[in-house]
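Chemist: As a plain string of letters, each chain reads:
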Amino acid sequence: MYIGKPSDIKPSEITDRKVYQQRRRFLGVAGVSAAGLAAAAALPGLLSASRGVHAQARLAAAYQSPFNTKEALTPYKDVTTYNNFYEFGVGKSDPAELAASLKPHPWTVTVDGACASPGAYHLEDFIKPHALGDYVYRHRCVEAWSMVIPWVGFPLAEVIKRARPTGAAKFVQFTTLLDPKMFPGQRFPVLDWPYTEGLRMDEALHPLTLLAVGLYGEVLPNQNGAPLRLVVPWKYGFKSIKSIVRISFVEQQPITTWMRAVPSRYGFYSNVNPDVDTVPWSQRYERRIGNLFKQKTLMFNGYGAQVAHLYAGMNLAKDY
Amino acid sequence: MATRQTLVRYGLKPTVFVLCLLPLLRQGWLAYTGNLGANPIGELTNETGVWSLRLLLVTLAITPLRRLTGWGWLVSARRMLGLYAFAYGMLHLAVYWGLNQYFDLSLIAGDLKRPYIFAGYLALLFMVLLAATSTDAMVRRLGRRWQKLHRLVYAVAILGVLHYLLLVKIDFLPPLGYGAALAALLGWRLWAWQIAPRWGVLLRRGEPVTPTRLAGHR
Ligand code: HEM
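One line per chain: the protein sequences are A and B, in this order. Using the numbering used here, read the first sequence as starting at 1 and increasing by one per residue. Using the numbering used here, read the second sequence as starting at 1001 and increasing by one per residue.
Hints are supplied without guarantee of correctness; some may be wrong.
Computed list of lysine to any residue pairs in SDA-like fashion (alpha-carbon distance at most 25 Å, straight line) [said to hold, decoys possible]:
(1) B:LYS1013 <-> B:TRP1073
(2) A:LYS70 <-> A:ASN291
(3) B:LYS1113 <-> B:LEU1166
(4) B:LYS1169 <-> A:LYS70
(5) A:LYS77 <-> B:LEU1166
(6) A:LYS296 <-> B:VAL1153
(7) A:LYS296 <-> B:VAL1075
(8) B:LYS1169 <-> A:ARG260
(9) B:LYS1013 <-> B:VAL1153
(10) B:LYS1169 <-> B:PRO1115
(11) B:LYS1169 <-> A:TRP281
(12) A:LYS92 <-> B:ILE1041
(13) B:LYS1113 <-> A:LYS77
(14) A:LYS92 <-> B:LEU1024
(15) A:LYS296 <-> B:TYR1096
Simulated from the structure, these hints should not be mistaken for laboratory data.
Pulled out of the complex, with its shape left as it was, chain B reads as follows (with noise of 0.2 Å):
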């Protein structure tokens, strides 16, 4: 019988890894065959922008998931994932800057005081430190720091959210049906970590869930 392991290995992360990829050979074959519709760049630009909102909050589903279910495997797909949402947030970044601004320096940087372009930048740089230290390697030299400095990607998401509620033309359900999806998957934080134990609710496991049980996972 197959060990967890190699289930891992070549099972969940493979599939994984081509699922996560999809939306974009899915966006390059449309490109191909110019079945972008009439504004392909506006598009394109839409497209990373959301793969890499619905990536974040998938991330974040992981550890709620994995509690509920008591599949703790899912946890070895949890860096691909966020990885990938960093992948889409500097596709969408690209095109922003080529395909929307043209590299242009004055318009790059006049565009900053938009309130909802801001937003989008501090949610890429927060997510570039979570990438950078993201390998094994960092996460042993950084020890407890790195449980801190990736709580930074509750930060991210919520000015992911922030940033598409701030863009919208009239339509705000799509960025509120995404809100309530992230206040779901951080409100059972909020339950499961401070609530639940203060109130000495024991979970299905039978113990209290606390932080540095739920940390410490890779």
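One chain only, chain A, in its complex shape (with noise of 0.2 Å):
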């Protein structure tokens, strides 16, 4: 649902968690399911309209994941201030500061690989036969930070059921958008762009998997990943993939990124793990941004409960 014009809106109100929560349990009373549907066929014009910090057109949910977390939320400035995109610089600030570079519309998300149904959609397309969520999750980075941040999105295994992949498909890859106009970091062969990222498809189809369009229940800013970004909350931050232009259905693992730069610290799984460390950090305690102490980071990031028994019988520490 259409809320208001981004220039309507107080930047106060934006920012205001409580505000934030108060609308979010409206809206859950309110339970209009077709609000997602509005709310996608409104964002081609809204991406476009979108500038600057506090200017994302808002994003109405119509229903609230049953896993979100009741934590403090991290500010929306330290969320979209501090990031890890170095597709936009290896600077904490280059996200934000470089996002403009940045056009997320038009997008196109190509769906291929071992599928009965691939194809090529404009993004609104891509999105329209979703309803919304709130997913509010805990995000752990491999540097021993976190966050909670509410995500506005829905299940990636809606996408998969989609698609209809074959029972060649073992693995569901992504890739994120090569172009080093749009993203200057991409000049430098820091990575070997462009990033890809891959989950097993039991994974890949968990109710905890999210695709991401928003947060904060606005438009996905730029710097977080716009404007369509995996968010996997099991697992290191660098997993949740940003700015995702292929969904690709493949029978072998596939090699991430983050395999390839440093085969050593990163494996397939980079699940959230205390007792494994990631060379050169410990991953025992986590800085919960805001918080002045340190806390002890869970199994998989909390969500125990839920993905544990996706990993039974492997060693973890082997299949980091």
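Assemble the dimeric complex from its two separately framed chains, guided by the hints.
Modeler: Below is the structure:
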């Protein structure tokens, strides 16, 4: 549902967590299931209108994820100014400062590989069939800091079912846009561009696994991976690939960008695991952005009850 | 006309003193106004570390600069620069112990097994030795041994660069940049003190540059 023009909204209203949470509660009660559709239909216009930190167009979600955490949200400002998005540069503030060079509209998402219904979609067509939900997840970076982020999105499983993968589809591979004009960081060979990531099919189908199009009830800011990104909350943040243009069903386990970059440190699974160091760091503790004291990191980032069974019998120190 | 001594005392030294203090004042101001960003403790850790390394390299640049420019008075700033590098290193350690590990001895000890942390401690330990023997009295007391001891500064700088190289995730450019600067500073010494004299190459002043000639300057 399109609530208002960006310019109608006072910054105080956007950043105030209480207002945001009240609105979420109201929308949850109202339970307008058509809201997601309407938002998706309105997306293209809103995307091109959006600019600057507080100028993102509003998105409304039709439902609340049952997995939502009640932990305090990380402030909008921190979520949108402290980012690892090497396509813009390796500094934490580079993505927010250089974000304007990314044009998330028009945008095409290609679904291909081992599936019965492949296709290339305009972003709005890609999103349209899905109702948007609110997903408040913990986000744990491999650099031992963490946030709590209210995403707006829909389960990846819905997209997978629509594509009807064949029996040969054992993994899902994701690819970020390759365009050094939009992503100045891609002019430097810091990583092997384009960025790719992957999930095992059961991980990809898990109800926690999300395709996000927004955060804090707003269209995804460019620096957070506009217009479409993955969110896999029990894995380190780099698994949650941003600015996706391709989703492919493959038979072999994909080699991801970080596996290629430093194979000894980064494995395919990259599940949050306090018992396995990621050289040179310990993963035992994390700093929740905004807190002075560190806190203990939880296995699978606290989502063990939901996902531990996916890894039954595996040695996670070896399959890191 | 002011003598060189008064220029050094009332001009050079206070200037260097204030310049070296600026990064700390800036960090203090940003912390006070809440402008250190989303991860202020990480920012303080990195800034104190990187300024320790920068000042170490500036300290090591004094001798080559002096030789290349002929500005002998530069050497009067060297001790202060070195002590500032040490001070930023101690601040770095204080931030790490206090704000990263909360003085939890088991955490602090457990981190020692990480090569980058170990290299950091070794570098700082050497800097303690250098700082403790930096007084005029110590220079006089140790005589020729002072020069030998203070060659440890090369090890400190190498360990500092190594520490940085070992802690980055993927962006090796900054530590490699500092490494290249260090290589140039050490390479100049190798050339000027070992290779050039042996080849009988004369520098601008017409005399071969030798370690003994260079060292005695305070
Ligand atoms: C006393 C022992 C030391 C310890 C325990 C220590 C620890 C640390 C830690 C925990 C970090 C942050 C790493 C991260 O962000 O993940 C760091 C960064 C750094 N330290 Fe140290 N350090 C020590 C000594 C030194 C010394 C002596 C120098 C300089 C000569 C130095 C230079 C640096 C630099 C340049 C960085 C990186 C800054 C950046 O990424 O921008 N450290 N150190």
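Chemist: Give me the numbers of the hints this structure contradicts, sorted from smallest to largest.
Modeler: Result: hints 4, 5, 6, 7 and 13 break, sorted rising.
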